[in-house]
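For this one, chain A is given, so just place chain B on it according to the hints.
Protein chains in written order, with full-length UniProt numbering: chain A, 1 to 320; chain B, 1 to 320.
Simulated from the structure, these hints should not be mistaken for lab results. Possibly wrong hints are sitting among the right ones.
Because identical chains cannot be distinguished in the list, a pair is counted as satisfied if it fits within a single copy or across any two copies.
27 Å max Cα-Cα, derived BS3-like pairs, lysine-lysine [as the list claims (entries may be wrong)]:
1) Lys27 / Lys68
2) Lys311 / Lys27
3) Lys68 / Lys99
There are 2 protein chains.
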Amino acid sequence: MRTNLEIVQECDNFPYPNLTNNTAYTKAIEPLWLFFLPDDLEPHGFLIQSVVDRMPWTPSFRLIPESKQVHLLKYPGRKEWQTACNEAIDELLDLTRAKKAFPRLGKKRDEKFPIVGAKFDIGIERSAMSLFGIIGQGAHMTVYTRTSLGEMKFWIPRRNANKSTYPNMLDQAVAGGVAQGETPFECIVREAGEEAALDEEVVRRDVVAAGTVTWFNVSDEKAGGEVGLMNPGVLYVYDLEVGREVVFKPVDDDIQAFHLMSVDEVRDAMRNGEFKPSCAAVMMDFFVRHGFITAENEVDYVEIVSRLHRKLPFRTSPGF
Amino acid sequence: MRTNLEIVQECDNFPYPNLTNNTAYTKAIEPLWLFFLPDDLEPHGFLIQSVVDRMPWTPSFRLIPESKQVHLLKYPGRKEWQTACNEAIDELLDLTRAKKAFPRLGKKRDEKFPIVGAKFDIGIERSAMSLFGIIGQGAHMTVYTRTSLGEMKFWIPRRNANKSTYPNMLDQAVAGGVAQGETPFECIVREAGEEAALDEEVVRRDVVAAGTVTWFNVSDEKAGGEVGLMNPGVLYVYDLEVGREVVFKPVDDDIQAFHLMSVDEVRDAMRNGEFKPSCAAVMMDFFVRHGFITAENEVDYVEIVSRLHRKLPFRTSPGF
Numbered sequence: 001m002r003t004n005l006e007i008v009q010e011c012d013n014f015p016y017p018n019l020t021n022n023t024a025y026t027k028a029i030e031p032l033w034l035f036f037l038p039d040d041l042e043p044h045g046f047l048i049q050s051v052v053d054r055m056p057w058t059p060s061f062r063l064i065p066e067s068k069q070v071h072l073l074k075y076p077g078r079k080e081w082q083t084a085c086n087e088a089i090d091e092l093l094d095l096t097r098a099k100k101a102f103p104r105l106g107k108k109r110d111e112k113f114p115i116v117g118a119k120f121d122i123g124i125e126r127s128a129m130s131l132f133g134i135i136g137q138g139a140h141m142t143v144y145t146r147t148s149l150g151e152m153k154f155w156i157p158r159r160n161a162n163k164s165t166y167p168n169m170l171d172q173a174v175a176g177g178v179a180q181g182e183t184p185f186e187c188i189v190r191e192a193g194e195e196a197a198l199d200e201e202v203v204r205r206d207v208v209a210a211g212t213v214t215w216f217n218v219s220d221e222k223a224g225g226e227v228g229l230m231n232p233g234v235l236y237v238y239d240l241e242v243g244r245e246v247v248f249k250p251v252d253d254d255i256q257a258f259h260l261m262s263v264d265e266v267r268d269a270m271r272n273g274e275f276k277p278s279c280a281a282v283m284m285d286f287f288v289r290h291g292f293i294t295a296e297n298e299v300d301y302v303e304i305v306s307r308l309h310r311k312l313p314f315r316t317s318p319g320f
Numbered sequence: 001m002r003t004n005l006e007i008v009q010e011c012d013n014f015p016y017p018n019l020t021n022n023t024a025y026t027k028a029i030e031p032l033w034l035f036f037l038p039d040d041l042e043p044h045g046f047l048i049q050s051v052v053d054r055m056p057w058t059p060s061f062r063l064i065p066e067s068k069q070v071h072l073l074k075y076p077g078r079k080e081w082q083t084a085c086n087e088a089i090d091e092l093l094d095l096t097r098a099k100k101a102f103p104r105l106g107k108k109r110d111e112k113f114p115i116v117g118a119k120f121d122i123g124i125e126r127s128a129m130s131l132f133g134i135i136g137q138g139a140h141m142t143v144y145t146r147t148s149l150g151e152m153k154f155w156i157p158r159r160n161a162n163k164s165t166y167p168n169m170l171d172q173a174v175a176g177g178v179a180q181g182e183t184p185f186e187c188i189v190r191e192a193g194e195e196a197a198l199d200e201e202v203v204r205r206d207v208v209a210a211g212t213v214t215w216f217n218v219s220d221e222k223a224g225g226e227v228g229l230m231n232p233g234v235l236y237v238y239d240l241e242v243g244r245e246v247v248f249k250p251v252d253d254d255i256q257a258f259h260l261m262s263v264d265e266v267r268d269a270m271r272n273g274e275f276k277p278s279c280a281a282v283m284m285d286f287f288v289r290h291g292f293i294t295a296e297n298e299v300d301y302v303e304i305v306s307r308l309h310r311k312l313p314f315r316t317s318p319g320f
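Isolated chain A (complex conformation) (with noise of 0.2 Å):
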């Protein structure tokens, strides 16, 4: 049984600065390379030594190794500089690909996700930004139902057990990353058509834009990826209520079945570990919103507030 505190580190598990003993940050930063963006003085991802090395740099990447830094450079070609970017990113992936670096790097998707906090326009693949350590944008709605007595029910599926990433886990009931070019309330009424196949307009009418919830999380095992690369992580939350007439139904594969449950089994399953980490932190921040986690009946509520939003370690905003 873990304690709500334990649910929400799982997620946020990068140590953070300590004024009395500041071994585990230090320990933890240190060995961490960063990475630039041209025309930029601030960072936008953190890149682990073992990625430096397995790498296959084009040269468009500049490398200073004393300050364990590396720099996409602004003229790698004849183009637009910031289009020239964009490719030199993708040219080095395919390259990656080509030489089987990393043989746990997924396939290559056409969807593409932007650097956030970036001056310019640039993406990246999905399945890369992990090894560049850049802050990955989703945005996940929470579905919830009211019985005839006012009580909540939330609509909670399960994954399917041939998924690569958290197989059999229980998520939240609509959830997809931010693309680039997309809004996370654009993302959040696409995701819910296709996911739940609900209707646009209620959607539209009804959703609640709730908040964030941030991280700072070093990859494990169940995420199916490469194991300890760095990623922050934004959620944006969305809460939406619907009739009780409302039924959810997997529309496609990635779902086997839709639960409602009610607050004590879903509180029961975070704590069982049933929830993939990123989608228990989305109801505890819910359980949070709306008055079931209390400064009364948990003694760590301060402390699972703030590391529910977690300050990112990059701009988030260009900050011209």
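Quick look at chain B alone, frame taken from chain A:
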């Protein structure tokens, strides 16, 4: 006109660690002394040098200049040591007033506040908390109603012109410090009766606990006390929806008037700096949780949500 991020920064104004240029954080943190309690390896407060210099330390305290530490000792007398520790703080503050060491230290009041995260029950006068840089605890309740068209309106009080702190500024409908031995929920129920004459049963039934807002503030002139003191703080936030028939009126001399304000009016007042900074932060958190501030209309959204929930520099639960 302040941006939303600037509004949050007014409360949360102590620098953060920075990956590429840590000067501001180091310069702010290095001169601080740490305050320790007996049998506890983790600190509970930050004292600035000028406070350490002017404080008429008694033999109950030990100063270690090499590591900038102040320790409250375990055996200052022959009583049970926890009682003796409480008395040692009282005695020090009596002496401080007798010697007029801090001219802007408020009068002695009966109200005591807990040292948050201590492993035993220990309190300190409210007006002296800032001198030790201990985490301050409050409970704030945002009260709103809905027009016949479903639009939210907020009951917002304006502080009286003769208040020593933040005169004439806008405030939360109900707010107060969480006293020693009181839970945040009982605090908000008590304050709702005292400050807004709200019916206790209605508050207990309808109030929703909705998380916390946390910050690390360095005091300025407007706070009314000594300037440059360290004020880490946590506010337990509550939402209360009331019917349209409920009308708020000032109960005591603290408030000159209550206003029923729309979302836009509250937003404008925040931008113009009309709110007490901590109350602006609580309103901002409300606007985030209820979908008025979103990723689409606020470029600093992710940063703002994290800054509203800063991880406090000290332990917030006993952590046995």
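Now for the hints, and whether the structure bears them out:
{"no.": "1", "hint": "Lys27 / Lys68", "result": "both (15 Å within a copy, 24 Å between copies)"}
{"no.": "2", "hint": "Lys311 / Lys27", "result": "both (20 Å within a copy, 20 Å between copies)"}
{"no.": "3", "hint": "Lys68 / Lys99", "result": "within (24 Å within a copy, 54 Å between copies)"}
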